[in-house]
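J.: Chain order of the listed sequences is A and B.
The opening residue of the first sequence carries number 1 in the working numbering; numbering runs sequentially from there.
The opening residue of the second sequence carries number 1 in the working numbering; numbering runs sequentially from there.
The reader is advised that the hints may include incorrect statements.
[Unchecked claim] For lysine to aspartate or glutamate, the following EDC-like pairs were computed, each having C-alpha atoms within a straight-line distance of at most 16 Å: (1) A:K246 <-> A:E188; (2) A:K9 <-> B:D616; (3) B:K585 <-> B:D616; (4) A:K131 <-> B:E254.
By construction, these hints were calculated from the structure, which means they are not laboratory data.
Bear in mind that the values here come from a model prediction, so they are computed numbers and not experimental data.
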Amino acid sequence: MNFSHWLAKLYALLAPKTEVCLACNRPIHRQQGADFRRYDPFFQNTDSTLHGASLTRSSLFTRPTEHPFINLCEACLCQMAWIRIIRCPICGRAIGCPDCTRRGSERTYFQYNRSAVQYSPPMREWLAQYKFRENERYLSILGYMALFAYHQVLLQQLMYKQSPRIDLITYVPVSETRLQERGFNQAEQLARIVAQYAHVPVQSLLQRNRHTIKQSMKSRGNRIEDMKDVFSAVNNANHQLQSLFKIRNPNNPDSQTLRILLVDDVYTTGSTINACAHQLKKSIDPVHKLEIYSLTWARS
Amino acid sequence: MRVYVYSVLWQGKWRCRFTLDWRVDVRYWFSQAVANGVRENSSHADVTNERCAPELWITTCCIPLGTAVDVVGQWGESRLEVQRLVKLMQDAEPGILDWFGRECIQVRRIGVEEVWREIGIGVIEEHRKGKLEGEGGILKESLWSDAVWKQMKDESDLLAAQISGRALLANEVQELMAAAGLDHAVAYWRTLAQLAYIRGQVKLLSGITTRSLGQFSLLRRQRELQCLRCGSSAAQHHRTACAACGNPGCAYCEACLAMGRSRRCALLVHGTAVHNAGASAAGVARAAERAPATEPAARWRLSEAQHDASRAALHFLQQPSAAAAAAPSFLLWAVTGAGKTEMIFPLIAYTLERGQHVLIATPRRDVVLELAPRLAQAFPEHRLVTLYGGSEERWTAGDITLSTTHQLMRFYHKFDVVIVDELDAFPYHNNELLQYAARKACKPEGKFIFLSATPPEPMQREVRRGRLPHAKVPVRFHRHPLPVPQRLTIKPLRHYLENKTLPKSLLHQLSRSVERGAQLFLFITRIKQTEAFVQLLRHYFPVITIEGTSSEDKERGEKVTRFRNGQSRMLVTTTILERGVTIPKSDVFIIDADSALFDAASLVQMAGRAGRSKDDPAGHVLFCAAEWNRAQRLAVRQIVGMNRIARRQGYLLPTDTERSS
Chain A
1 MNFSHWLAKL YALLAPKTEV CLACNRPIHR QQGADFRRYD PFFQNTDSTL HGASLTRSSL
61 FTRPTEHPFI NLCEACLCQM AWIRIIRCPI CGRAIGCPDC TRRGSERTYF QYNRSAVQYS
121 PPMREWLAQY KFRENERYLS ILGYMALFAY HQVLLQQLMY KQSPRIDLIT YVPVSETRLQ
181 ERGFNQAEQL ARIVAQYAHV PVQSLLQRNR HTIKQSMKSR GNRIEDMKDV FSAVNNANHQ
241 LQSLFKIRNP NNPDSQTLRI LLVDDVYTTG STINACAHQL KKSIDPVHKL EIYSLTWARS
Chain B
1 MRVYVYSVLW QGKWRCRFTL DWRVDVRYWF SQAVANGVRE NSSHADVTNE RCAPELWITT
61 CCIPLGTAVD VVGQWGESRL EVQRLVKLMQ DAEPGILDWF GRECIQVRRI GVEEVWREIG
121 IGVIEEHRKG KLEGEGGILK ESLWSDAVWK QMKDESDLLA AQISGRALLA NEVQELMAAA
181 GLDHAVAYWR TLAQLAYIRG QVKLLSGITT RSLGQFSLLR RQRELQCLRC GSSAAQHHRT
241 ACAACGNPGC AYCEACLAMG RSRRCALLVH GTAVHNAGAS AAGVARAAER APATEPAARW
301 RLSEAQHDAS RAALHFLQQP SAAAAAAPSF LLWAVTGAGK TEMIFPLIAY TLERGQHVLI
361 ATPRRDVVLE LAPRLAQAFP EHRLVTLYGG SEERWTAGDI TLSTTHQLMR FYHKFDVVIV
421 DELDAFPYHN NELLQYAARK ACKPEGKFIF LSATPPEPMQ REVRRGRLPH AKVPVRFHRH
481 PLPVPQRLTI KPLRHYLENK TLPKSLLHQL SRSVERGAQL FLFITRIKQT EAFVQLLRHY
541 FPVITIEGTS SEDKERGEKV TRFRNGQSRM LVTTTILERG VTIPKSDVFI IDADSALFDA
601 ASLVQMAGRA GRSKDDPAGH VLFCAAEWNR AQRLAVRQIV GMNRIARRQG YLLPTDTERS
661 S
């Protein structure tokens, strides 16, 4: 603790604060006049077709400093591989999709999936940083990006001439062991952020019965086979869903279907989402109708 | 992670502990009673020498690990009781009662008479629900037979020996077990860790812990969080909701996140078992019988200057270390190209003779990779462990450890001698985190040796004040003086790049160097200028190969190799190549030498690229800048000063004039 030590502290206090990019660790230099929010698909897109939808963009951020993208530099913002044009209406892929036709004998229990980004190498790295490196600073960015997929889910409903609506958000569970290790469930965290923006309740409806090895280590055939009986609905799932029906208007036939959004981080073959959707459908009394939509942050 | 806290009455004193697996503790403290129960059906009668505590008080639900560690640390020798427990928990984690139900904090007594029955029905709620973690394999039964208990003790001994000298997070413990032949036991690692903890072979801590702010009584209750692995303070922690402990604001350390997540409720295991004490003492005795301090020069073929410095360092190692607050340190201040690596060989040999652990740490991974084969060659009979991010030898045990400074975070009181090479190189420079890690890796009675050509300013001050023992190696191995930088006044490079011309004075110097057949290092300050400057140089020197590289260049490796092989004659680069690359016949041009990006240390390092070879000892070094600033003055003063010392001590080869006179 000498003089120069304190002098250094004083300099640090007086120096302009340089922000460092969360993803690449380089200092962020913002070009004059260029708003980093132009990389936000909501910011440029004033889409009038969404008027009926529950997403009102104007309420999201009042100040730019609150925007989650402020922590990224221009170079990293450019790397977001947004899926703006959807080729496969089932899985929401941006490229032609053999998987959805290949599922064949196996039934699809969900309506369709929408993802925010393609699972490109930089996106893979971001998710790995968040999920495996456990850098939770990524959450607000990934969660906000997932909101774009939510928007796509509603848009598709509009295209099918339905009133855009999601009644309940739930998420793919992780095993108890994994939850203890990691301290969080990435799907749950993403779901909670989307729910917070979209003003839709979140409920935990599913549980994972056994601890499988990481999905990313398995081949396609293995994945589908492995997914059997991994998930089940929680004990009171039916009860929770029933209570949601009670508060609906019985005269409106449209409201007799409950629309659940199932959230996960990555959609690869759809086996996880499909297994979860299957369990949800099984858990509820047959008098009611469930429509399950899938939202994943990335589509690989 | 959450754990139970208990206190047990043993030999008339209450001892407070926490437990990752309560079955271990019950079995340990009540081993006699339990053993009696186990042996009901067998004919064993040998129950002497077994522990039997009269009673144990334990919390009925588990509490977050970070809080539990603090509570246990402060409890002292009294019986566990609720009121004080609540108070200490609040001290450790202010606001804990907002999310941790006050009514959950209960303690209950387990008397010796109840043990058998309690185990049968399950002492703890969670266990009854079948939620207890770490169950698998042989732990399916809630009670272990004598054979199983003995086997687990052996396994925990093995684990403790492996962890000894390391500081590991829970997942690293599991990786270590898998690598150390305990892969079958990974499922019940908590049980083994608890067994080692209760027998005093490891310390169990939380990754982030609280430390008291001040000595004064008013401040004593004010606590601050600190990461035990990297020493970072609360400013570098981020709080998030944690599913493992239930805390909505459980802090984790962002400073060392790249090495795995250290968290308030994450387990950190410090291995304290000393398993080589016997070997070490025998080693010292054996070494003492031999000739004291083998003469370094003979075995390692050191020059006179190297030999003198090396002997001074050896002398430092031989002194018994006093129990001082800071570990004793020694600075080997050797000029660039002095042959530092050879000088540490005698020190390593000395330490190894004693059966002690030696660590060579350096901030840069490429230095580690370059040093590894040389060390392996010098000490073929000893096992060398090379550690860096992604290294295969992470869990291997060895005699010599060569590591990047980041990897030091995984060690705890392991090494007797720590040699830090290039301590001023990024990122050790001013990096408290890595200094903390280095101190922690060293034993309390261990010693530090720093190697540097350009010690940081605080260290130079210590040297001047005589507080830091040191030895200077003022001369290169070829015994020629260091090239002294010349001054060349030119405008900033930006100016010339705009006009697409170069000044005559610079061109003259460049062509002189080219004509004498030297290879040229051209150091610049900005990565962006690399390409433009290369183009401009190619315009003036169309015949020779000119390349440019920077940290953002993907072909950096190949370009440097081409330069090393002499395939390219000029290399434009930023400070990334200020050390490490040695070219026999080279001249150095530092453009914009007055830039704030170049401090005296990096100027000396860059100047040190010239004149490395015996055949061309007098390379040219030019500081090209508009102004002559403090950093340049200091750099020249350092170089001239070293040459003067070398001359005075007679290390330099006699010059022609001296020879003729």
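J.: With reference to the structure, classify each hint as holding or not holding.
T.: Taking the hints in turn, this is what the structure says about them:
1. A:K246 <-> A:E188: With Cα atoms ~26 Å apart, K246 of chain A and E188 of chain A exceed 16 Å; violated.
2. A:K9 <-> B:D616: The given pair, whose Cα atoms are some 45 Å apart, is violated under the 16 Å limit.
3. B:K585 <-> B:D616: Roughly 6 Å separates the two Cα atoms, so the pair holds.
4. A:K131 <-> B:E254: 15 Å, holds
The structure shown violates the earlier hints numbered 1 and 2.
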